[in-house]
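*Asks:* Construct all of the structure, not just a fragment, from the sequences and the given hints.
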Amino acid sequence: MKIFLYPLLFLAFIRHDFHVSITEIHWNEGELQVTVRSFTDDLDWALEEQFGTNPRLGTEQEHPKAMLWMERYLNQSLLLEGDGKVLKGEYLGMESEYGICFCFLRFSLEAKPSQLSVENRLLFELFDDQRNVIHYRIGLDEQAETLHRGEEKTLFTTTK
Amino acid sequence: MSPFSNYLQLGYEHIVSFAAMDHILFLVVLMAVFQSRHWLRLIGAVTSFTLGHSITLSLGALEVIRVDAALIEFLIPLTILLTALNNLSKKGQQTSGRRIYWIAGVFGLIHGLGFSNYYRMLVMGEEGYWRALIPFNLGVELGQLLVVSVVLLFMVIYEVAFNRKSRDWNIFFSGAGFGLSTVMCLETWPF
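As they're listed, the protein sequences go chains U and V.
Letter by letter, the first sequence follows residues 0 to 159 of numbering that gives the first Met the number 0.
Letter by letter, the second sequence follows residues 0 to 190 of numbering that gives the first Met the number 0.
Careful, some of the hints might be misleading.
Said to hold, decoys possible - Using 20 angstroms as the maximum straight-line C-alpha spacing, the simulated SDA-like pairs for lysine to any residue come out as follows: (1) U/152 <-> V/8; (2) U/64 <-> U/49; (3) U/84 <-> U/32; (4) U/152 <-> V/4; (5) U/111 <-> U/82; (6) U/111 <-> U/25; (7) U/152 <-> V/1; (8) U/64 <-> U/92; (9) U/87 <-> U/70; (10) V/164 <-> V/39; (11) V/164 <-> V/153; (12) U/152 <-> V/0; (13) U/152 <-> V/2; (14) U/111 <-> U/27; (15) U/84 <-> U/114.
Derived from the structure by calculation, the hints contain no laboratory data.
*Replies:* Encoded structure:
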């Protein structure tokens, strides 16, 4: 009897919650400006898993090392390559409001890349339904891709 | 991919997924009370639901209205529970009236608030609000159209090919919807 009940209960326990992050990449005068926005509680959880303490991002009790942890976490989750060269990101800081975290980064580049490869594994280790949307804007050209587990990298090509 | 196609896909996946079980269940229960030969009325009710949730999806994402997410998570299964009960009532089974359209539309408003949390996350702090709204909504509708078509097809097969009564279909799916939504309501009880 229980065997029949389990699938039903399983369906009922699923909440309509969702896991998504948005990464905006803009080319602007010699650098790629990147904003990553994600749910703060998801990031708290990811940092706690990795560094052992809940950083309580964006609260008054924010852990003093939260900024450093966030930087490390983003460095390992978000990898950019411009024309085949690995780009080094500079973490600028973060803001958290209404439960959503905005992280700001900058990647310096000498010239407009004709190809930009973006790998974003943010939160993939925690949620199998995590979706990471990437928006890339260079001049008037705009492109978007959604990454998920198993498809963690995308290549944007710009003509000219 | 263009941002348009990307938003379209996100909207579609937001409905045709396991996590959207509650919306799919609502549609199944809403449709259960109809006989398949009254498919036009059924489409009318689904359209009414669509109008309802499009309104609150747009307003919710614009932050014109803001409702506690925990409350919405509770209200969504409640709409399923009430629709299932309505399907058993005498008035509820008279699908020729306007009652069912009102129910679908008003409950659509509640479901749209659930979508708007997701949508708000997608467009927050961006200038692309309107640009994303159309493809995202369109994706949701396409996904919903797929769900409705599949369910309607099964209803027709059951009634016509197997020559069974639509009343049995209604009792079965309203009962299933009632049971599942009761557990969901208890699970999400916010008070």
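*Asks:* Hint by hint, say whether it matches the structure.
*Replies:* Here's how the hints hold up against the structure:
1. U/152 <-> V/8: This hinted pair holds, its Cα atoms lying about 18 angstroms apart.
2. U/64 <-> U/49: Within the cut-off at roughly 13 angstroms; holds.
3. U/84 <-> U/32: Status holds; Cα separation ~17 angstroms.
4. U/152 <-> V/4: 18 angstroms, holds
5. U/111 <-> U/82: The given pair, whose Cα atoms are some 9 angstroms apart, holds under the 20 angstroms limit.
6. U/111 <-> U/25: Holds: residue 111 of chain U and residue 25 of chain U sit about 11 angstroms apart, inside 20 angstroms.
7. U/152 <-> V/1: This hinted pair holds, its Cα atoms lying about 17 angstroms apart.
8. U/64 <-> U/92: 13 angstroms, holds
9. U/87 <-> U/70: Holds, because 12 angstroms separates the two Cα atoms, which is no more than 20 angstroms.
10. V/164 <-> V/39: 19 angstroms, holds
11. V/164 <-> V/153: 13 angstroms, holds
12. U/152 <-> V/0: The given pair, whose Cα atoms are some 14 angstroms apart, holds under the 20 angstroms limit.
13. U/152 <-> V/2: Between residue 152 of chain U and residue 2 of chain V the Cα gap is close to 17 angstroms, so the pair holds against 20 angstroms.
14. U/111 <-> U/27: 9 angstroms, holds
15. U/84 <-> U/114: Answer holds: residue 84 of chain U to residue 114 of chain U is near 10 angstroms, not above 20 angstroms.
Taken one by one, the earlier hints all hold for this structure without exception.
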